[in-house]
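Asker: Letter by letter, the chains look like this.
Protein chains: 2
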Amino acid sequence: MKTSLDCIPCLLRQSLDAARLVSSSPSVHEQIVRDVLHWTAEMDLNQSPPAIAQRIHRLLRELTGVSDPYREAKDWQNRIAMELVPKFRAEVKSAKNPLLMAARLAIAGNVIDMGSNGNLTEADIQQSLSKALTEPFFGEEDRFQQAIAQAKSVLYLADNAGEIAFDQLLVEQIIKQVSPERVTLVVRGAPVLNDATLIDVQIVGIDRIVEVINNGSDAPGTILNDCSEEFRRRFAEADLIVAKGQGNFETLNNNPSNIFFLFKVKCAVIANLVNQPIGMQMLV
Amino acid sequence: MKTSLDCIPCLLRQSLDAARLVSSSPSVHEQIVRDVLHWTAEMDLNQSPPAIAQRIHRLLRELTGVSDPYREAKDWQNRIAMELVPKFRAEVKSAKNPLLMAARLAIAGNVIDMGSNGNLTEADIQQSLSKALTEPFFGEEDRFQQAIAQAKSVLYLADNAGEIAFDQLLVEQIIKQVSPERVTLVVRGAPVLNDATLIDVQIVGIDRIVEVINNGSDAPGTILNDCSEEFRRRFAEADLIVAKGQGNFETLNNNPSNIFFLFKVKCAVIANLVNQPIGMQMLV
Chain A
1 MKTSLDCIPC
11 LLRQSLDAAR
21 LVSSSPSVHE
31 QIVRDVLHWT
41 AEMDLNQSPP
51 AIAQRIHRLL
61 RELTGVSDPY
71 REAKDWQNRI
81 AMELVPKFRA
91 EVKSAKNPLL
101 MAARLAIAGN
111 VIDMGSNGNL
121 TEADIQQSLS
131 KALTEPFFGE
141 EDRFQQAIAQ
151 AKSVLYLADN
161 AGEIAFDQLL
171 VEQIIKQVSP
181 ERVTLVVRGA
191 PVLNDATLID
201 VQIVGIDRIV
211 EVINNGSDAP
221 GTILNDCSEE
231 FRRRFAEADL
241 IVAKGQGNFE
251 TLNNNPSNIF
261 FLFKVKCAVI
271 ANLVNQPIGM
281 QMLV
Chain B
285 MKTSLDCIPC
295 LLRQSLDAAR
305 LVSSSPSVHE
315 QIVRDVLHWT
325 AEMDLNQSPP
335 AIAQRIHRLL
345 RELTGVSDPY
355 REAKDWQNRI
365 AMELVPKFRA
375 EVKSAKNPLL
385 MAARLAIAGN
395 VIDMGSNGNL
405 TEADIQQSLS
415 KALTEPFFGE
425 EDRFQQAIAQ
435 AKSVLYLADN
445 AGEIAFDQLL
455 VEQIIKQVSP
465 ERVTLVVRGA
475 PVLNDATLID
485 VQIVGIDRIV
495 EVINNGSDAP
505 GTILNDCSEE
515 FRRRFAEADL
525 IVAKGQGNFE
535 TLNNNPSNIF
545 FLFKVKCAVI
555 ANLVNQPIGM
565 QMLV
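If you're matching them up, the sequences are chains A and B in order.
No gaps in the numbering here: position 278 of the first sequence is 278 in the numbering used here, and each next residue is one more.
No gaps in the numbering here: position 21 of the second sequence is 305 in the numbering used here, and each next residue is one more.
Fair warning: there could be bad hints in the mix.
Label-pair distances were calculated between CB atoms; the ranges are [claimed, not checked]:
#, chain 1, residue 1, chain 2, residue 2, range
1, B, Arg318, A, Asp124, 30 to 40 Å
2, B, Lys380, A, Asp124, 39 to 49 Å
3, A, Lys96, B, Arg363, 30 to 40 Å
4, B, Lys286, A, Glu230, 48 to 58 Å
5, B, Ser437, A, Gly65, 56 to 66 Å
6, A, Glu135, B, Arg363, 36 to 46 Å
7, B, Asp352, A, Ile278, 28 to 38 Å
8, B, Asp352, A, Met82, 54 to 64 Å
9, A, Arg34, B, Ser308, 46 to 56 Å
Stretch-level coverage of chain B by chain A, calculated; a stretch enters the list once three of its residues show a Cβ under 8 Å from a Cβ in chain A [unchecked claim]:
#, region
10, 287-293
11, 296-303
Derived from the structure by calculation, the hints contain no laboratory data.
We put the beta carbon where it would ideally sit given N, CA and C, even for glycine.
Bound conformation, chain A alone (with noise of 0.2 Å):
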């Protein structure tokens, strides 16, 4: 998709908070915010609201010389999944559908998102997730139960930390239809916002179940052109896709038909794009 205007407001306030976070100088915090208003006046709005995102927080990282500036929140939002995993993994167990259980739960998941929330909370998550199951939701299971029953392989594009412990359950289910090999879980090529990269897999574990790979970007998205070779000849011989998070929907959305998205909505550009309110739970 392309930016909005109203992504604008948006991105610079995103940027502020990820300033905030990295650095508790004042004039760090001015000069990245001023760097922003400048690219944004010249800005191509042709360009996907991650493409503007991956430049704030190259710029984060060069200013403050810390190349992973999120690495301590991932560590946090891996913890806290983890921790509520177990209790979940026994509700897709016992559920009368445990493929759409997990789905549900992949989804609720997307809330762990430092990019629409810098302030995000422990209760945020444990509401998300609490609520997957009777919260509003918008959805095609039907055809996405097909789709992965007939499925020869899948690739699975990975969003945020913390939300790849509930990827997990998902890719649990999805393997019990597709062959363990045939999946592979693609992460970020390097940090950008809270995104999952190699390590979050390593500490949730889901490299111990399927391959495992990095698109080769620092965008919070799948820019295609932006990603590495090996990982745009995956995605188009991959037979069926599922991409998780807003910002793979709004990198993805005008791609082949072969691509579910599973996030939750999470601002008024996208809410009015997909017609639905903010916060339903899409699997599109």
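Take the given structure of chain A and dock chain B to it, following the hints.
Answerer: Showing chain B alone in chain A's frame:
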């Protein structure tokens, strides 16, 4: 007060709201947003937020060729407020303390602010007023009553259209204690946002009970060195100043102590400054 970095995303959102209100052309919206991004990238943060908003709204008027873009909105705000006022005037009359009751209603009327809420509805206005007496209130009510009782002259700085119908209730109480000849209501010198100008005063009719002047400025606040010499003289000579709204607070909060500020807290920056939550009714 100075402009906080947190004000910048909000000023941008306000620019976009305003652009959409006055023009249906996406290219005009984009031009306004890009111009505002350019300025804010270079802006002097020692200026107050209304100084930036003043520039934004000048540009808006220039680009669209509309001298009073909010005229229609102000007309319905005046109409709705005037419909509500008789009922509340009766409540003031029967109140134990009519001055404080009127002050609370005048503060509640400060919800009619299209800077903080571009999509203001009639329901928002009714809700704010119906909650005026039950919602939390932070104020120096005793000191305010004493100041009014002792004042030799009062300069009342109005804020928004519609809201001024509720200001009238307070002015009616003030002139019971201060000679009407010594009470002056001040409006903006030219249209900006939905701030009240002379025409709104005439529609509502406050000009029939006290003198009304304008401050010579088109800022949505009171930037003294941008106001007319005549206004500055009156400001300096006033025994007591009653300043309505966040814009007047943002521009005058570092001034001498003969000012009472009456407003609703509408954003996190002000909430942090006054150490009160958003929505709080303030009399300080």
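Asker: Now, for every hint given, state plainly whether the structure supports it.
Answerer: Verification of the hints:
Look at Arg318 (chain B) against Asp124 (chain A): about 34 Å separates their beta carbons, and that is inside 30 to 40 Å. The hinted window of 39 to 49 Å between Lys380 (chain B) and Asp124 (chain A) holds, with their beta carbons roughly 44 Å apart. Lys96 (chain A) and Arg363 (chain B) have their C-beta atoms about 57 Å apart, which leaves the hinted 30 to 40 Å range violated. One distance hint, 48 to 58 Å for the beta-carbon pair Lys286 (chain B) and Glu230 (chain A), holds here, with the actual separation near 50 Å.
Restraint check, Ser437 (chain B) to Gly65 (chain A): a C-beta distance of roughly 59 Å satisfies the suggested window 56 to 66 Å. Checked against the given bound of 36 to 46 Å, the beta carbons of Glu135 (chain A) and Arg363 (chain B), roughly 40 Å apart, stay inside it. Here the CB-CB span from Asp352 (chain B) to Ile278 (chain A) is close to 34 Å, well matched to the stated 28 to 38 Å. The given range of 54 to 64 Å is respected by Asp352 (chain B) and Met82 (chain A), whose C-beta atoms sit roughly 59 Å from each other.
Taking 46 to 56 Å as the suggested C-beta distance range, the pair Arg34 (chain A) and Ser308 (chain B) does not conform, at roughly 32 Å. Counting residues of the region 287-293 of chain B whose beta carbon lies closer than 8 Å to any beta carbon of chain A gives 4, which reaches the threshold of three, so the coverage claim holds. Interface restraint, the region 296-303 of chain B with chain A: holds (3 residues with C-beta to C-beta distance below 8 Å; minimum three).
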